[in-house]
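Student: Assemble the complex: chain S is given as a structure, and chain G must be docked to it using the hints.
2 protein chains.
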Amino acid sequence: MDTLINSLTDIVGKTGVLLGDDVAQRSVDWFTKASCQAKAIIRPQSTEQLSQVMTLCYEANQPVVTHGGLTGVVHGAVASPDELVVSLELMNQIEHIDAVGSTMQVQAGVTLQHVQEAAQEIDMQFALDLGARGSCTIGGNIATNAGGIRVIRYGMMRQQVLGLEVVLSDGTVVSSMNTMLKNNAGYDLKQMFMGSEGTLGIVTRAVLRLHPNMPSEQTAFVAVPSFDALTSLLKMASKELANSLSAFEALWNNHYALMTSATTKHTALLANNSLFYAIIETLGSDDEKDAEAFASVLEKALEAELITDAVLASSSSQREGIWAVREDIETLVHALDPMFSYDISLPITHMDEYVTALESKLKAQWPETCELVVFGHLGDGNLHIIVTVRDASQDARRQVEELVYGSLVKYNGSISAEHGVGLEKRDYLTLSRSPEEIALMKRLKQAMDPKGLLNPGKILA
Amino acid sequence: MDTLINSLTDIVGKTGVLLGDDVAQRSVDWFTKASCQAKAIIRPQSTEQLSQVMTLCYEANQPVVTHGGLTGVVHGAVASPDELVVSLELMNQIEHIDAVGSTMQVQAGVTLQHVQEAAQEIDMQFALDLGARGSCTIGGNIATNAGGIRVIRYGMMRQQVLGLEVVLSDGTVVSSMNTMLKNNAGYDLKQMFMGSEGTLGIVTRAVLRLHPNMPSEQTAFVAVPSFDALTSLLKMASKELANSLSAFEALWNNHYALMTSATTKHTALLANNSLFYAIIETLGSDDEKDAEAFASVLEKALEAELITDAVLASSSSQREGIWAVREDIETLVHALDPMFSYDISLPITHMDEYVTALESKLKAQWPETCELVVFGHLGDGNLHIIVTVRDASQDARRQVEELVYGSLVKYNGSISAEHGVGLEKRDYLTLSRSPEEIALMKRLKQAMDPKGLLNPGKILA
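So the protein sequences, as listed, match chains S and G. So that you can map any letter, position 256 of the first sequence is 256 in full-length UniProt numbering, and since no number is skipped, the others follow by simple counting. So that you can map any letter, position 179 of the second sequence is 179 in full-length UniProt numbering, and since no number is skipped, the others follow by simple counting.
Check each hint, because a few of them may be wrong.
One copy or two, either will do: identical chains are not told apart, so a pair holds if it fits within one copy or between any two.
[Claimed, not checked] Below, computed lysine to aspartate or glutamate pairings styled on EDC-like, alpha-carbon distance capped at 16 Å:
1. 239 - 286
2. 235 - 123
3. 445 - 170
4. 445 - 352
5. 410 - 337
6. 239 - 123
7. 235 - 98
8. 361 - 402
9. 239 - 287
10. 239 - 121
11. 410 - 353
12. 289 - 240
13. 300 - 436
14. 361 - 327
15. 235 - 129
16. 33 - 228
17. 39 - 21
Derived from the structure by calculation, the hints contain no laboratory data.
The following block holds chain S by itself, in its conformation from the complex (with noise of 0.2 Å):
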């Protein structure tokens, strides 16, 4: 064990710092599960403790990758042998609760669900959701920005967060820890960090924004002919349900199809001979009205052809069931196995477009083997794609990821709408972002981070 490593264990006690099996046996990567291969794991138990870390290792010149959840899927918390990973997983207390100020105070690693349960006790919610809630935690939602199924009413990770607490690369501790909505007070710091996927800090606790919890929850699986179709009734449900529309997912065909037949784990909502179907969810506070406004947008979009069938869920199971048909990410893992998955966001008005292209180039290169499933947050201009060309090689890979991300480029598009770059699509993201983007993203981690230690080589080069 060597010299650094003494000295933090130190600082963190013996039961902070894991090595061997206890590193390896953890996976970094929620897809391809592949072993953790740094040199130890430091877990601090307060930002005092971490501060210290960091002052070493910055005397140390000792790279750092932050952990959270482990839910990642961009390959942003790989760490290589001589490399430390630095976890939050032993500082994960919910600090205080304001339920006038609407503010929740916490630690880092907290996961996401335990913070949605402590705003459901009293009464309240913290918006933010995703599939993950379980595992990942607030640190981690907030150094990827994360996304999920609320952003069109909520936003993302970004909007939730009032106050933050970091560490930077050279130990010093900025506590940000503000709690008020308005607060313009000099440079906005923590904007910074979020998203930044540990690159210019490690996020120790944060001040989470709170809103009132909605109780009526109304959701409907629905049919939908065609991509005008479905742009129109995103249009008709923003504008009809335009203060309580809460998710407006889409699924293609491929996707609904593959869900309902692949398994027997789904029953089919409805039958599986549409372009497009659509998950609509409002969000409210009297059961009774909401439902009846609800039923009303869904009358008026049949009888407008906007969609064909639907839906109505009428119990939190059948809720479940018709969320499950877009969460279940296994089944899609199973049958498309090798896949390539993919988080893309471009202008609605162009998906169709894109998908109809991209689609025609996959089956052109690999006409046997090309399977394309295709869904999202479309009221984001959010899609999931996920591929198979039943070859798991880097080249065939690569060939894949060129028609995905070189077919944005035409409309503005992102090359990760809410999973972040890690190294997956480092080297991808001239595709997104300029040239002076790119220099400005440098010339910051630069002044954040100037021996580049925190999560060496993710996001940029």
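Tutor: Coordinates of chain G only, in the frame set by chain S:
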């Protein structure tokens, strides 16, 4: 005329340069009407022109102050005789509207009101709103992260901006004209520039987010017997009108009493003997249902004795009458001359204690002359405090400032909720931000504007 101005004239043309009286007749501060002292005002007509202007200024080490609509109140637009002003007034076009994607692409010099009206024309809304809407520009709204009256529902300016184009001090154009709600492809650079008051870059264009139009407005003016009742009312309104609550403005008695007695401009809406008043507003799409829900919450609040009386606007002129009491700053300026105006934020639960303590300190020091008026965006933790001690001297101002800002420290309040820092609050920044935060701001400023040419001395000394 110096050589640099000659060269700049070659770039922007004769109409693009203002000199002499044309400069001096502009006031750089809404309250003080102080005259512009800059040696010239440069008015580029395109991003390319501005880039060339800044390239020359950078080479010549020429400091530059950016002007928008000049409605700021913290001396953020003050320019000295050795500084140049860059005004975006000739770049005032709306370039593109995407009704499906709900975005509007504009030049920085367009007024807020113009943007609001263009959104209305396609039956949508731009959600930022504030009293200066007719003069203030989108570029200024971005540079100061403007707040206003609908933050509780839609957030500040930061939340309305999807994409940004900025010219850096050396003339580099950084174009991040993202149009999607979600884009995690690398650092979200635009966040740095928002709220930086022209000290990090010059905003030239933006992609704004539009929201569905909300044709149904419900507005009430209510009398509230105590501060506890006021926070309970906020809590009730936030919960029962969760999706639609768009404004919750509080008026202390001193504000309302003055507005209805100092002038005959405003008809008294309610008797002026209540400790607090509030304006509650919702935005929705169904006037009949919204009115019903709104009235039922007011009834519930009456029954719970959270309010003692209420006026419900039944016409748009009544609505305007209610808002006029809140938005009429001129009557305050007239009645309290010479006045000092503050814009602070602090946790809602501490507001009453803070105001009471501040008032007694002020009255102790100026028993004969001191008057205090308090109102603001309660739901955002934001209060506007206006003080007169009938003494316009710098000494008096400084003493009042020390009481107003000094008393905030124990509550972790902010010296600026929405107005920014400019020159006016610069010396008090240390009361709201830690040495580590200020050091990081300076590090950022150094990285982005190494020669210190952009709005020198504003925010940071």
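Student: Taking the hints in turn, state whether each one holds.
Tutor: Hints versus structure:
In this homomeric assembly, residue 239 and residue 286 come within 16 Å of each other (Cα to Cα) only across copies, at 11 Å, whereas the closest approach inside a single copy is 19 Å. Only between protomers do residue 235 and residue 123 lie at most 16 Å apart by alpha-carbon distance; the minimum there is 11 Å, versus 31 Å within a single protomer. Only within a single protomer do residue 445 and residue 170 lie at most 16 Å apart by alpha-carbon distance; the minimum there is 13 Å, versus 19 Å between protomers. In this assembly of identical chains, the alpha carbons of residue 445 and residue 352 never lie at most 16 Å apart, being 37 Å within a copy and 43 Å across copies at closest.
Taking CA atoms no more than 16 Å apart as the test, residue 410 paired with residue 337 passes in neither setting, with 30 Å inside one copy and 58 Å between copies. Within a single copy, residue 239 and residue 123 get their C-alpha atoms only as close as 28 Å, which misses the 16 Å cut-off; across copies the closest is 9 Å, which meets it. Proximity of residue 235 to residue 98 under the C-alpha cut-off of 16 Å is restricted to the inter-copy arrangement: shortest distance 12 Å between copies versus 37 Å within a copy. Taking the shortest Cα distances, residue 361 and residue 402 sit within 16 Å of each other inside one copy (11 Å), while across copies they are farther apart (67 Å).
For a Cα distance limit of 16 Å, the shortest separation of residue 239 from residue 287 across copies, 14 Å, qualifies, whereas the shortest one inside one copy, 20 Å, does not. With identical chains, the CA atoms of residue 239 and residue 121 are at most 16 Å apart between copies only, with a shortest distance of 15 Å across copies and 32 Å within one. For a Cα distance limit of 16 Å, the shortest separation of residue 410 from residue 353 inside one copy, 11 Å, qualifies, whereas the shortest one across copies, 57 Å, does not. Both within a single protomer and between protomers do residue 289 and residue 240 lie at most 16 Å apart by alpha-carbon distance, with minima of 14 Å and 13 Å respectively.
Taking the closest pair of Cα atoms, residue 300 and residue 436 never come within 16 Å of each other, the shortest separation being 47 Å inside a single copy and 56 Å across copies. Taking identical chains as interchangeable, the C-alpha atoms of residue 361 and residue 327 are never at most 16 Å apart, the minima being 27 Å within one chain and 58 Å between chains. Proximity of residue 235 to residue 129 under the C-alpha cut-off of 16 Å is found in neither arrangement, the shortest distances being 23 Å within a copy and 24 Å between copies. Taking the closest pair of Cα atoms, residue 33 and residue 228 never come within 16 Å of each other, the shortest separation being 39 Å inside a single copy and 53 Å across copies.
For the identical chains of this complex, residue 39 and residue 21 are intra-copy neighbours only, at 11 Å inside a copy versus 69 Å across copies, given an alpha-carbon limit of 16 Å.
Hints 4, 5, 13, 14, 15 and 16, counting from the list given before, are not met by this structure.
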